[in-house]
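Listed in order, the protein sequences are those of chains A and B. Quick note: the first sequence, position 51, residue 50 per numbering that gives the first Met the number 0, numbers continuous. Quick note: the second sequence, position 57, residue 56 per numbering that gives the first Met the number 0, numbers continuous.
Since the hints were made in silico from the structure, they are not lab data. Note that this is a predicted model, so its numbers are computed, not measured. Please note that the accuracy of each hint is not assured.
Unchecked claim - A partial selection of chain B residues facing chain A, derived with a Cβ cut-off under 10 Å:
1) G31
2) V73
3) S101
4) A104
5) T105
6) G107
7) L112
8) A118
9) F128
10) Y129
11) L131
12) G138
13) V139
Using N, Cα and C, we set each Cβ at its ideal position, and we do this for glycine too.
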Amino acid sequence: MRKDILLILSLITLSLAPILFLSDSKGNIAEITVDGKIYKTLNLDKNAELTIKNEYGENKIVVENKKIFVETANCKDGVCVKTGAISKSGEIIACLPHRLLIEIKENE
Amino acid sequence: MRRYVILSQIVAFSLALFLLESMIPLPFMAPGAKLGLSQIATVFTLYYFSSRDAFIVLTARAVLSSFFFGGPGVFVYSIIGGLISLCGMIILKRTGKFSCVSVSATGGFLHNLGQLFVASIFMESAKFFYYLPILGVIGVATGIVIGFIANELLKKIKLTKFDNSGTPPYPPLGGGQ
Chain A
0 MRKDILLILS LITLSLAPIL FLSDSKGNIA EITVDGKIYK TLNLDKNAEL TIKNEYGENK
60 IVVENKKIFV ETANCKDGVC VKTGAISKSG EIIACLPHRL LIEIKENE
Chain B
0 MRRYVILSQI VAFSLALFLL ESMIPLPFMA PGAKLGLSQI ATVFTLYYFS SRDAFIVLTA
60 RAVLSSFFFG GPGVFVYSII GGLISLCGMI ILKRTGKFSC VSVSATGGFL HNLGQLFVAS
120 IFMESAKFFY YLPILGVIGV ATGIVIGFIA NELLKKIKLT KFDNSGTPPY PPLGGGQ
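Please work from the sequences and hints to get the whole structure.
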């Protein structure tokens with residue numbers, strides 16, 4: 000019983016470890032990658048709308064109030080839309096079926 | 000021969016749980032977060048039968064669920080997460096130091112960790128580990144629940160001990176055969 004509790008606690012500690020590496024600062028750049036290559040970099044200070052259409056599918060990306068989110072997508076699971084708006088450095092939105100990744104970065 | 004009849008019943012049970020889970024609306028917590036109810040069958044088989052049989056049940060369930068409800072993309076995530084999880088559970092079970100519940104908790108954790116690895120490789124970005132805190136904890140929590148359920152099943156169905164050599168005296172499952 001004691002060993003079980005120790006095991007479960009160490010699993011939770013291991014899970015939480017990446018928090019140490021996260022910065023809490025706001026990012027102001029969103030890097031959009033498709034297929035592992037940078038597709039476009041958007042400035043979060045400017046409101047914008049962008050539709051990415053390729054052989055995998057379609058995602059409509061919106062920048063509003065210094066946040067970025069996927070408004071609509073024609074993928075099966077809709078995970079990217081459900082993820083909601085992101086704005087902090089290091090946060091990501093992923094659409095695995097469309098091989099799309101949006102990542103917040105800080106402008107150096 | 001009877002071994003495979005019972006194992007295929009367990010696979011069917013696992014698929015039913017998989018389908019049942021997809022019909023339960025759950026609040027969106029993190030990408031890929033699931034209850035993993037179908038793992039009840041894997042954990043049960045691991046303890047009731049053997050590592051090899053658990054491997055058969057897991058693989059069959061992953062192939063069939065991707066065939067019916069997912070697709071080739073879903074299959075890769077499902078099978079790799081499942082195999083990493085099962086390998087970890089087999090190793091922990093072999094040590095004989097942990098209960099079914101904490102072994103299953105490790106399985107849940109490793110399942111989600113494995114899927115993050117697959118996502119990182121596919122999408123060529125290590126950024127996915129951003130989701131490890133939430134997915135790892137969800138994996139542990141669902142693993143504990145699955146472990147408890149499997150444990151209860153084991154208590155209820157443990158009529159005769161499975162003997163891996165020769166013809167095992169299987170308990171009647173469900174009856175009517």
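How the hints compare with the structure:
| no. | hint | result |
| --- | --- | --- |
| 1 | G31 | holds (7 Å) |
| 2 | V73 | holds (9 Å) |
| 3 | S101 | holds (4 Å) |
| 4 | A104 | holds (5 Å) |
| 5 | T105 | holds (6 Å) |
| 6 | G107 | holds (9 Å) |
| 7 | L112 | holds (8 Å) |
| 8 | A118 | holds (6 Å) |
| 9 | F128 | holds (5 Å) |
| 10 | Y129 | holds (6 Å) |
| 11 | L131 | holds (5 Å) |
| 12 | G138 | holds (8 Å) |
| 13 | V139 | holds (5 Å) |
The structure agrees with every numbered hint stated previously.
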